[in-house]
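Participant: As a plain string of letters, each chain reads:
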Amino acid sequence: MPRLVSHPDEVKIVSKRFGLGATDIDKYIELGGYQAAKKCLEQGPDWIIEEMKASNLRGRGGAGFPTGMKWSFVPKQSAKPKYVLVNGDESEPGTCKDHLIFLHDPHSVIEGTLIAGLSIGSKMGFIYLRGEYRYLLEIMEKAVADAYAKGFLGKNIFGTDTEFQIITQSGAGAYEVGEESALMESLEGKRGVPRIKPPFPAVVGLYGGPTVINNAETIATVPHVINMGGAAFAAVGSPRNGGTRLFGISGHVERPGVYELPMGYNLKKMIYDVAGGVRGDRKLKAVVPGGSSTPVLLPEEIENLGMDFDQVGKAGSMLGSGGVVVIDDRTCIVEFALRTISFYQHESCGWCIPCREGTDWLKKSLTRFHAGFGTAKDIDNIRYLAENMLGRTFCPLGDAAAMPTLGFVKKFRKEFEDHLDGKPCPFAKHAEMAVV
Amino acid sequence: MSAETMSIFSPKLAARFDALVEKYPVRRSALVPMLLYAQDEIGYLSDAVIAEVAHRIGITELDVRNVATYYSMLRFKPAGKYNVQVCTNISCMLRGAYDVFEKFQEELGIGHRGVTPDGIFSLEEVECIGACCWAPAIQVNYDFHDDLTPQSVPEILDRYRKVQDKEKNA
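First to last, the protein sequences are chains A and B. 669 is the number of the first residue of the first sequence in the numbering used here; add one for each residue after it. 31 is the number of the first residue of the second sequence in the numbering used here; add one for each residue after it.
Calculated from the structure, these hints are not laboratory results. All residues carry an ideal CB built from backbone N, CA and C; glycine is no exception. Treat the hints with care, since some could be wrong.
[Claimed, not checked] With the Cβ distance kept under 8 Å, some of the chain A side facing chain B (calculated, not the full set): (1) P670; (2) S674; (3) H675; (4) G712; (5) P713; (6) E758; (7) Q837; (8) G860; (9) I995.
[As the list claims (entries may be wrong)] Straight-line Cα separation of at most 25 Å, DSS-like style, residue types lysine-lysine; simulated pairs: (10) A:K823 to B:K53; (11) A:K791 to B:K111; (12) A:K858 to B:K53.
[Claimed, not checked] Covered stretches of chain A, as calculated for chain B (at least 3 residues, CB under 8 Å): (13) 797–806; (14) 1006–1016.
Using the sequences and the hints, build the whole thing.
Facilitator: See below:
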């Protein structure tokens, strides 16, 4: 069972019901659950969207798009049915926050889906979980059944004429399906390859109907935004970055875990205070700030870095999924880069050639390089390959593979050079990575 | 196809599939979960599974295969009864996942995608399973095991062996 952690600096909004038994619908109601949905039903779509816009809530999947604005793009009139799609295909290495939401607070996802549905005039929502999360899918399925039994879902929700249905769905193993258009393909029973945009899902989405797609954490945050009021939620975070975020801190720290901290919280403090610092009193070498696709940061780059979309973007990386991976000074960056690219090579769906070929060649080059058979030309070649993938694919997977690779080569060039011409890896393979 | 007609699945699963295809606005949406649930029961996507799923959805077998080959959890050969999936992605790797993986290889005497001769265990190195903050982590079928060390490996295997012995004797 995943362990829950806490720290005095945490502001528990999304995680406030974790560990309190809120999977039980009566407990969830006792803790204030389904009040937000009821209020939204009374206030109507325009009011919901205004509150969401005021909240400055931005997409927690990684792109950070303002949620209220996304919902407002859905046309009011549509010949085809509209849909809400919750992305619980959590697969970005370093990210396990949605895992805890499904485990501890499934009704917040249902309530958020319902509110999103009310805001766009949809009658049906889908909650898609990655296939590996079977035990969490079972928790979600029970929660959905309980919500139907209470009349919060169905033909006449809360005793009104409004209809809203929720269907839960299992994936079967695919990182790529976390991309919104690939997710729709998968839900339509196809291979999870991306669609070209435009048209955007808000206009032509699932089954060709207008569709809102949000990350599970974004959706679970929605009822709290409604309960607190958009402005109050915005005030918790930093400018243009409303509220809190579930930061998953993993890797070489003393106390890894998922911590809920205000947007804009200092990254150095997050590592040293909240997560207890680098394990075994080692030195910090690098930090991956928001899941494996975000470019690596050096210790000197995190001194005054506030963790929100804008500040991390300015620092040359991305806040991404909020998965902070901490790397100590005994880690081989070439091996780390190789493991990262191996993942993207494995997960590239093969639809776009720059991504399919690029990830494969990068993996081959880095494998050879790490084994001590690299040449000086390889370093620039790795860079050349990665640069030529950027912006040349249907979906962001190509960028997700290229960006961290470029970061490693740029910031750790010396370490790459140390691997040249048959020199053994300066870091004994795996040995120093073992548990101390 | 209804539960009463010929099905290779248990009556319970057949009934579940009958309902599943009706659940969505489009019948085909049932395909991906149906393949996974079928695999859970049969062990892998055999020709018979593909044929029945194609029939139930109303698409060709080729179409089913085209989709099935995309998803990494779906397989076309039997795995062990307990499929041990060791995550070695970055967060797990930093905390010793390769040592855990090596220990599993040693204990089971098989490598990546291997199956023990008795068919009880299989082993796989897998990508991120969403347990990064509790790394290194593995899944045995759908069960998560967190915060592992190589020392915890024999104990985990013993737990499944005991379940197996119990079932055998029952």
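Participant: For every hint, state whether the structure bears it out.
Facilitator: So, going through the hints one by one against the coordinates:
no.	hint	result
1	P670	holds (5 Å)
2	S674	violated (13 Å)
3	H675	violated (13 Å)
4	G712	violated (26 Å)
5	P713	violated (22 Å)
6	E758	holds (5 Å)
7	Q837	holds (6 Å)
8	G860	holds (6 Å)
9	I995	holds (7 Å)
10	A:K823 to B:K53	holds (15 Å)
11	A:K791 to B:K111	violated (41 Å)
12	A:K858 to B:K53	holds (17 Å)
13	797–806	holds (count 6)
14	1006–1016	holds (count 5)
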